[in-house]
Amino acid sequence: NKLGRGNRDKVQQLMTITGARPVIGILKERLMYSTTSPMLQHPYADMILADGISLLCNDIQVDPQDIVMLAISWHMKAATMCEFSKQEFVGGLQALGIDSLEKFRERIPFIRSELKDEHKFQEIYNFAFDWAKEKGQKSLALDTAIGMWQLLFAEKEWPLVEHWCQFLQARHNKAISRDTWSQLLEFARTVDPALTNYDAEGAWPYLIDEFVEYLLENGIQKGQLSDWTH
Amino acid sequence: MSAPKKRNFQIEAFKHRVVVDPKYAEKTWKILEHAIHEIYNHNASGLSFEELYRNAYNMVLHKYGEKLYAGLVMTMTSHLKEIAKSIEAAQGALFLEELNRKWTEHNKALQMIRDILMYMDRTFIPSAHKTPVHELGLNLWRDNIIHSSKIQTRLQDTLLELVQRERTGEVINRGLMRNIIKMLMDLCGSVYQENFEKPFLEVSADFYRRESQQFIECCDCGDYLKKAEKRLNEEIERVSQYMDVKSEGKITNVVEKELIESHMHRLVHMDNSGLVNMLVDDKYDDLGRMYSLFCRVPDGLPLIRDVMTSHIREIGKQLVTDPEKLKDPVDFVQRLLDEKDKHDKIISLAFNNDKTFQNALNSSFEYFINLNPRSPEFISLFVDDKLRKGLKGVSEEDVELVLDKVMMLFRYLQEKDVFEKYYKQHLAKRLLSGKTVSDDAERSLIVKLKTECGYQFTSKLEGMFTDMKTSQDTMQGFYAAMGADIADGPTLTVQVLTTGSWPTQSSSTCNLPPEILGVCEKFRTYYLGTHTGRRLSWQTNMGTADLKATFGKGQKHELNVSTYQMCILMLFNNADGLSYREIEQATEIPAADLKRCLQSLACVRGKNVLRKEPMSKDIAEDDAFFFNDNFQSKFYKVKIGTVVAQKESEPEKQETRQRVEEDRKPQIEAAIVRIMKARRVLDHNNIVAEVTKQLQSRFLPNPVVIKKRIESLIEREFLERDKVDRKLYRYLA
Chain V
72 NKLGRGNRDK VQQLMTITGA RPVIGILKER LMYSTTSPML QHPYADMILA
122 DGISLLCNDI QVDPQDIVML AISWHMKAAT MCEFSKQEFV GGLQALGIDS
172 LEKFRERIPF IRSELKDEHK FQEIYNFAFD WAKEKGQKSL ALDTAIGMWQ
222 LLFAEKEWPL VEHWCQFLQA RHNKAISRDT WSQLLEFART VDPALTNYDA
272 EGAWPYLIDE FVEYLLENGI QKGQLSDWTH
Chain Y
5 MSAPKKRNFQ IEAFKHRVVV DPKYAEKTWK ILEHAIHEIY NHNASGLSFE
55 ELYRNAYNMV LHKYGEKLYA GLVMTMTSHL KEIAKSIEAA QGALFLEELN
105 RKWTEHNKAL QMIRDILMYM DRTFIPSAHK TPVHELGLNL WRDNIIHSSK
155 IQTRLQDTLL ELVQRERTGE VINRGLMRNI IKMLMDLCGS VYQENFEKPF
205 LEVSADFYRR ESQQFIECCD CGDYLKKAEK RLNEEIERVS QYMDVKSEGK
255 ITNVVEKELI ESHMHRLVHM DNSGLVNMLV DDKYDDLGRM YSLFCRVPDG
305 LPLIRDVMTS HIREIGKQLV TDPEKLKDPV DFVQRLLDEK DKHDKIISLA
355 FNNDKTFQNA LNSSFEYFIN LNPRSPEFIS LFVDDKLRKG LKGVSEEDVE
405 LVLDKVMMLF RYLQEKDVFE KYYKQHLAKR LLSGKTVSDD AERSLIVKLK
455 TECGYQFTSK LEGMFTDMKT SQDTMQGFYA AMGADIADGP TLTVQVLTTG
505 SWPTQSSSTC NLPPEILGVC EKFRTYYLGT HTGRRLSWQT NMGTADLKAT
555 FGKGQKHELN VSTYQMCILM LFNNADGLSY REIEQATEIP AADLKRCLQS
605 LACVRGKNVL RKEPMSKDIA EDDAFFFNDN FQSKFYKVKI GTVVAQKESE
655 PEKQETRQRV EEDRKPQIEA AIVRIMKARR VLDHNNIVAE VTKQLQSRFL
705 PNPVVIKKRI ESLIEREFLE RDKVDRKLYR YLA
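Sequence lines, in order, name chains V and Y.
Each residue of the first sequence is one higher than the one before, starting from 72 at the first, in the numbering used here.
Each residue of the second sequence is one higher than the one before, starting from 5 at the first, in the numbering used here.
Hints are computed from structural coordinates only; laboratory data are not their basis.
A portion of the hints provided could be inaccurate.
[Said to hold, decoys possible] Quick list of the computed label-pair ranges, beta carbon to beta carbon:
(1) V:Glu257 / Y:Asn374: 52 to 58 Å
(2) V:Glu288 / Y:Arg684: 36 to 42 Å
(3) Y:Thr497 / V:Glu288: 42 to 48 Å
(4) Y:Val677 / V:Ser156: 33 to 39 Å
(5) Y:Asp444 / V:Glu288: 55 to 61 Å
[What the hints assert, rightly or not] Quick partial rundown of chain Y residues pointing at chain V, CB under 8 Å, derived from the structure:
(6) Gln418
(7) Arg684
(8) Asn690
(9) Glu715
(10) Arg734
[To be verified] Dumping the calculated BS3-like pairs for lysine-lysine here, alpha-carbon to alpha-carbon at most 30 Å:
(11) V:Lys227 / Y:Lys731
(12) V:Lys191 / Y:Lys731
(13) V:Lys245 / Y:Lys234
(14) Y:Lys349 / V:Lys245
(15) Y:Lys711 / V:Lys245
(16) Y:Lys712 / V:Lys245
(17) Y:Lys669 / V:Lys206
(18) Y:Lys711 / V:Lys206
(19) V:Lys227 / Y:Lys711
(20) V:Lys227 / Y:Lys712
(21) Y:Lys349 / V:Lys187
(22) Y:Lys396 / V:Lys148
(23) V:Lys187 / Y:Lys727
(24) V:Lys209 / Y:Lys669
(25) Y:Lys669 / V:Lys191
(26) Y:Lys727 / V:Lys227
(27) Y:Lys349 / Y:Lys234
(28) V:Lys148 / Y:Lys727
(29) Y:Lys254 / V:Lys245
(30) Y:Lys727 / V:Lys209
(31) Y:Lys681 / V:Lys209
We put the beta carbon where it would ideally sit given N, CA and C, even for glycine.
The whole structure should be built from the sequences, with the hints applied where relevant.
Take a look at the structure:
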């Protein structure tokens with residue numbers, strides 16, 4: 072959780088100062104008041120953090136774990152998960168043509184539908200890597216990656232996602248590189264789950280080669296996807 | 005003066021009319037006809053050449069050439085028909101003789117007739133485009149005699165039967181054969197080919213097909229080949245004796261096909277006598293024969309080469325995977341060299357030094373030597389053994405021979421970088437223990453390695469030699485400067501090793517005994533005085549010491565021990581007995597090494613200068629050690645040190661292998677970067693191929709490792725994948 076003890080206190084303070092939910096306050100500020108409101112000078116007025124986001128989710132009637140939040144973050148070009156900067160938030164809303172909570176709610180189905188678009192999904196997927204990883208790190212922590220994959224591949228069905236996550240936990244136990252992340256989507260998209268068209272000379276990242284080996288070892292014959300549960 | 009009048013002279017044609025009596029031609033012809041009869045009846049002596057010639061001349065002159073010619077044909081033909089009858093009538097063996105005689109006679113007759121009719125031959129015949137007399141005579145002979153139904157088949161059969169008899173060992177009349185066959189050759193229209201050569205080749209093929217089947221059932225390979233060679237030579241000789249030289253190639257083809265080509269595989273693979281047996285038993289003659297016979301047939305030599313190659317690979321594979329043979333590395337390498345020598349000799353003596361065979365031998369060796377990942381280590385140990393003692397007293401040329409052989413094996417290695425690592429380790433031990441047989445031999449080998457692999461390979465090795473030399477000078481300087489001060493202390497010899505050049509050793513703790521600390525410090529001060537800015541650390545795991553020990557009964561011995569052992573033993577100057585823990589505490593030597601040292605000091609017969617309680621083989625942490633007053637040895641000098649290069653233990657081997665793998669990663673990355681910088685954009689498979697090519701003189705990179713290095717470079721943003729074609733990589737400047 073991004074919100075440390077100190078930050079939480081600050082937000083509390085903010086809430087008591089304004090007497091209103093800071094997110095909605097900021098939202099209203101953007102939409103209805105000038106940008107030189109004194110409240111905006113507060114350092115944390117420039118960021119919407121975890122608590123603020125959950126309040127926002129409440130207002131737009133979306134579960135914070137819902138993948139549509141990822142799509143929304145993508146629209147906002149958010150740098151890191153669980154926080155929006157003022158620029159990101161405002162810019163995103165403008166790009167989406169949203170100027171009221173109601174409009175926001177109405178847009179949700181549209182944003183959700185974007186995930187079904189092949190091309191946009193790929194962009195969102197690749198965006199997710201930088202968004203989900205720690206600031207200043209080059210790679211994505213394994214747990215976070217697994218969480219993201221489960222979320223993303225629930226949306227775009229990939230039968231091997233569970234095996235992939237198990238494989239990683241059993242055999243890899245290290246962070247995921249950007250190349251591996253982006254190549255995995257390619258793999259999911261182009262290689263059939265029974266591995267019939269897997270090309271060993273295909274310049275897949277070595278982790279994916281190892282995954283294929285793991286599948287073959289564990290009884291996924293080429294041409295036949297046995298349903299093994301554990 | 006008046007010009008003389010021109011007067012035309014005319015020469016009038018001969019006005020005398022030559023009366024050509026029609027009957028004249030007939031009369032003249034009759035004379036000639038008669039003459040031909042006489043000639044054929046061996047009555048030529050009564051004839052007048054001049055007269056006959058003139059008659060023929062006149063006939064031609066008076067335009068009766070046609071009649072003359074026709075008459076000639078008719079007359080000759082009828083005579084030949086007579087002759088044919090007489091030949092047909094001949095019985096048995098006389099048939100050929102009669103034929104031969106008649107032929108000879110015919111030729112004589114023909115010559116005479118031709119002489120008589122020479123004018124016609126030279127004038128009428130060319131202009132009328134008729135066959136000249138001599139040739140006509142041959143053609144008529146051919147048509148009437150050779151192609152006579154009663155003679156043709158009989159002649160063919162007779163000739164072939166004679167050849168068959170000769171093949172079974174009978175002696176035949178070769179002169180007669182020669183004449184008859186020459187007769188066939190002289191006749192126009194492929195008579196020789198059709199009437200003799202073709203059937204001869206067919207019959208020979210059948211004969212040899214049968215004979216080869218017989219041979220192969222009852223002979224072993226060597227005998228079969230001898231027989232085949234004999235038959236081949238016989239046929240060649242036969243042709244030279246009585247056939248057209250052009251038939252030689254054709255009959256040898258038949259023999260080669262039936263005797264050799266058809267049974268090639270069976271011969272080579274014959275149990276107990278085939279190629280492999282010949283190779284194993286060094287049967288140079290048989291092998292040479294096989295080579296020279298097989299090189300006559302297509303795919304003959306490739307067959308030998310392939311069988312030889314798989315055989316060598318097989319024995320090689322057995323050699324490098326047999327744990328028995330791998331126990332002694334020196335012996336193992338010697339066996340490799342012996343196998344190579346053996347096969348070199350075979351190729352040179354029996355296979356005509358054929359380059360393709362040499363190449364096959366080399367590729368086989370390369371194949372199986374690299375099957376065993378310890379080959380580089382073993383080859384280095386072999387060299388170590390030679391340079392330590394094996395080459396003692398050997399002449400310079402012989403030393404070079406051995407080293408060249410080592411280089412040959414080195415070239416086969418795929419993992420040359422592993423060899424380099426071991427070689428360095430072993431060289432270090434040799435240099436430090438002063439145990440090298442010949443400095444020249446050492447340097448000679450380094451030069452050879454440099455020639456083979458370039459300067460980088462050997463620069464560190466050369467650095468080691470330099471350090472040894474420099475250390476000698478340093479010691480001289482030290483004793484010159486400090487001589488007086490340290491005269492009554494222990495004698496110290498120091499080798500100062502430049503860190504980069506020598507194999508990396510982890511420096512471990514060890515407390516030096518006070519007796520030598522003094523002189524060690526003096527050296528350190530002296531050295532750092534002349535070389536400021538350097539750091540010295542004692543490599544206690546690599547030194548040796550000579551100790552003079554007096555035992556309980558007064559027996560004195562000189563003990564040659566390692567530095568660690570010295571530290572342990574010196575403790576016993578102040579205590580008769582010490583526990584393991586006390587020793588450990590005092591010396592701070594790492595446990596594994598400490599146990600090994602104590603074992604060599606207390607548990608080895610003849611070298612047990614210490615006594616251990618309990619008397620077990622292994623060192624336990626509760627053990628106690630005592631100075632062995634009763635120590636005995638028949639030698640004054642007792643060597644207990646353990647600094648010899650040995651086959652590595654399993655864990656050591658793993659460690660070395662790991663270090664090698666670590667060293668390879670940057671080399672692979674450097675190669676990838678070099679390639680991508682030059683090519684800018686390249687696909688995965690090509691990168692792997694190029695990297696392999698670049699590094700092959702040192703080792704064979706694993707494609708999986710290359711892939712991982714590429715990914716690492718992508719991570720570090722040296723490369724990126726192409727957006728469209730994921731197999732393509734791009735260099736990021």
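Hints and how they fare:
Distance hint check: the CB atoms of V:Glu257 and Y:Asn374 are about 37 Å apart, inconsistent with the given range 52 to 58 Å. For the pair V:Glu288 and Y:Arg684, the beta carbons lie near 39 Å from each other, so the given range of 36 to 42 Å is met. Hint check: Y:Thr497 to V:Glu288, Cβ distance near 58 Å, so the stated range 42 to 48 Å is violated. Taking the beta carbon of each, Y:Val677 and V:Ser156 are about 38 Å apart, inside 33 to 39 Å as hinted.
About 56 Å separates the C-beta atoms of Y:Asp444 and V:Glu288, a value consistent with the hinted range of 55 to 61 Å. The interface hint given for Y:Gln418 is broken, as the beta carbon of that residue sits about 22 Å from the closest beta carbon of chain V, more than 8 Å. At its closest, the beta carbon of Y:Arg684 sits 17 Å from a beta carbon of chain V; the interface hint therefore is violated under the 8 Å criterion. The beta carbon of Y:Asn690 is not positioned within 8 Å of any beta carbon in chain V (closest approach about 11 Å), and the interface hint is therefore violated.
The interface hint given for Y:Glu715 holds, since its Cβ lies 6 Å from the closest Cβ of chain V, which is under the 8 Å cut-off. Contact between Y:Arg734 and chain V, as hinted, is not supported at the beta carbon level, the nearest pair being about 13 Å apart and thus beyond 8 Å. With a C-alpha separation of about 24 Å, the suggested pair V:Lys227 and Y:Lys731 falls inside the 30 Å cut-off, and the hint holds. A distance of roughly 23 Å separates the Cα atoms of V:Lys191 and Y:Lys731; the hinted pair therefore holds under the 30 Å criterion.
Note on V:Lys245 and Y:Lys234: the hinted pairing is violated, with a Cα-Cα distance of about 76 Å set against a maximum of 30 Å. With a C-alpha separation of about 57 Å, the suggested pair Y:Lys349 and V:Lys245 falls outside the 30 Å cut-off, and the hint is violated. Simply put, Y:Lys711 and V:Lys245 have alpha-carbon atoms about 18 Å apart, close enough for the 30 Å limit, and the pair holds. Of the supplied pair hints, the one linking Y:Lys712 and V:Lys245 holds, its CA atoms being roughly 14 Å apart against a limit of 30 Å.
This hinted pair checks out: Y:Lys669 and V:Lys206 have alpha carbons roughly 29 Å apart, not beyond 30 Å. For the given pair, Y:Lys711 sits about 27 Å from V:Lys206 by alpha-carbon distance, which is consistent with the 30 Å threshold. Distance check on the hinted pair: V:Lys227 and Y:Lys711 sit about 29 Å apart at the alpha-carbon level, within 30 Å; holds. For a cut-off of 30 Å, the pair hint linking V:Lys227 to Y:Lys712 stands: about 29 Å separates their Cα positions.
The straight-line distance between the Cα atoms of Y:Lys349 and V:Lys187 is roughly 75 Å, outside the 30 Å bound, and the hint therefore fails. Of the supplied pair hints, the one linking Y:Lys396 and V:Lys148 is violated, its CA atoms being roughly 78 Å apart against a limit of 30 Å. Of the pairs offered as hints, the one joining V:Lys187 and Y:Lys727 holds, with about 22 Å between alpha carbons and a cut-off of 30 Å not exceeded. Taking the CA atoms of V:Lys209 and Y:Lys669, the gap is near 21 Å; set against the 30 Å cutoff, the hint holds.
Distance check on the hinted pair: Y:Lys669 and V:Lys191 sit about 38 Å apart at the alpha-carbon level, beyond 30 Å; violated. Proposed proximity of Y:Lys727 and V:Lys227 is supported: the alpha carbons are some 22 Å apart, at most 30 Å. For the given pair, Y:Lys349 sits about 26 Å from Y:Lys234 by alpha-carbon distance, which is consistent with the 30 Å threshold. For a cut-off of 30 Å, the pair hint linking V:Lys148 to Y:Lys727 stands: about 21 Å separates their Cα positions.
As the CA atoms of Y:Lys254 and V:Lys245 are separated by approximately 75 Å, the hinted pair breaks the 30 Å bound. With a C-alpha separation of about 20 Å, the suggested pair Y:Lys727 and V:Lys209 falls inside the 30 Å cut-off, and the hint holds. At roughly 24 Å between alpha-carbon atoms, Y:Lys681 and V:Lys209 fall within 30 Å of each other, so this suggested pair holds.
In summary, the structure is inconsistent with hints 1, 3, 6, 7, 8, 10, 13, 14, 21, 22, 25 and 29 from the numbered list given earlier, while agreeing with the others.
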